[in-house]
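> Read off the chains here:
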Amino acid sequence: AQTVTQSQPEMSVQEAETVTLSCTYDTSESDYYLFWYKQPPSRQMILVIRQEAYKQQNATENRFSVNFQKAAKSFSLKISDSQLGDAAMYFCAYRGTLNTGTASKLTFGTGTRLQVTL
Amino acid sequence: KAGVTQTPRYLIKTRGQQVTLSCSPISGHRSVSWYQQTPGQGLQFLFEYFSETQRNKGNFPGRFSGRQFSNSRSEMNVSTLELGDSALYLCASSLMAGNSGANVLTFGAGSRLTVL
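The listed protein sequences correspond, in order, to chains A and B.
In case it helps, the numbering used here puts the first sequence at residues 1 to 118.
In case it helps, the numbering used here puts the second sequence at residues 1 to 116.
One or more hints might be untrue.
Quick list of simulated restraints, FRET-style, between CB atoms [unchecked claim]:
| id | chain 1 | residue 1 | chain 2 | residue 2 | range |
| --- | --- | --- | --- | --- | --- |
| 1 | A | PRO9 | B | LEU83 | 17 to 27 Å |
| 2 | A | ALA16 | B | THR7 | 35 to 45 Å |
| 3 | B | GLY28 | A | ASP31 | 19 to 29 Å |
| 4 | B | PRO8 | A | PRO9 | 29 to 39 Å |
| 5 | A | ALA71 | B | TYR10 | 40 to 50 Å |
Residues of chain A clear of chain B, computed beta-carbon distances all greater than 12 Å [unchecked claim]:
| id | residue |
| --- | --- |
| 6 | VAL13 |
| 7 | GLN14 |
| 8 | GLU15 |
| 9 | SER28 |
| 10 | SER30 |
| 11 | LYS73 |
| 12 | ASP81 |
Because the hints were derived from the structure by calculation, they are not lab data.
Ideal placement from N, C-alpha and C gives every residue a C-beta, glycine not left out.
Kindly generate the complete structure, drawing on both the sequences and the hints.
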């Protein structure tokens, strides 16, 4: 079974600084997708960034970028120029591609709570 | 474009009762998934529906059930409620079924269920 591990329950960053959130996963599949979702106090999960495993290039979305290391099964999220609005729970998630079931569900990590201070 | 709408946002039930939660997906989205979020177990997959058919089901007891209507709206039902069913129930919709590379889930704000 696939597992996703986020080893940092809480992180703190000063406004305008850079922070990196860690995520590791375990899978026997060779093709899959990885995601970072943000959940602010409003509770709505918002997609931050997505990475296809077959792509070697790391995904970027404005101030958000990932460091995808397939061999190490590592998928970290870097937030540059942190803003107060970035404060939220961040979840790393995995989705497989097999029709046996991994394709239609996300497996989430336990989340990292990010605080942004002035 | 309206997002994923979940109703009710909050509800309180007592043990033994049943509850029905509703989810209206983004217009045009045909796949709906449900997740349970609790402090202890985190986010866990409940089930996925596509074109009124359940495609996949998570490891939950039979008390948890769902369905999808022809307009893609979905409902989930929990019967004989237990204290441990207290959770945030999140619905997500996507354009296509699970194994498409373009299948990005858009979540609703959730329904918070408290069981007393």
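> If you test the structure against every hint from before, which numbers come out violated?
none
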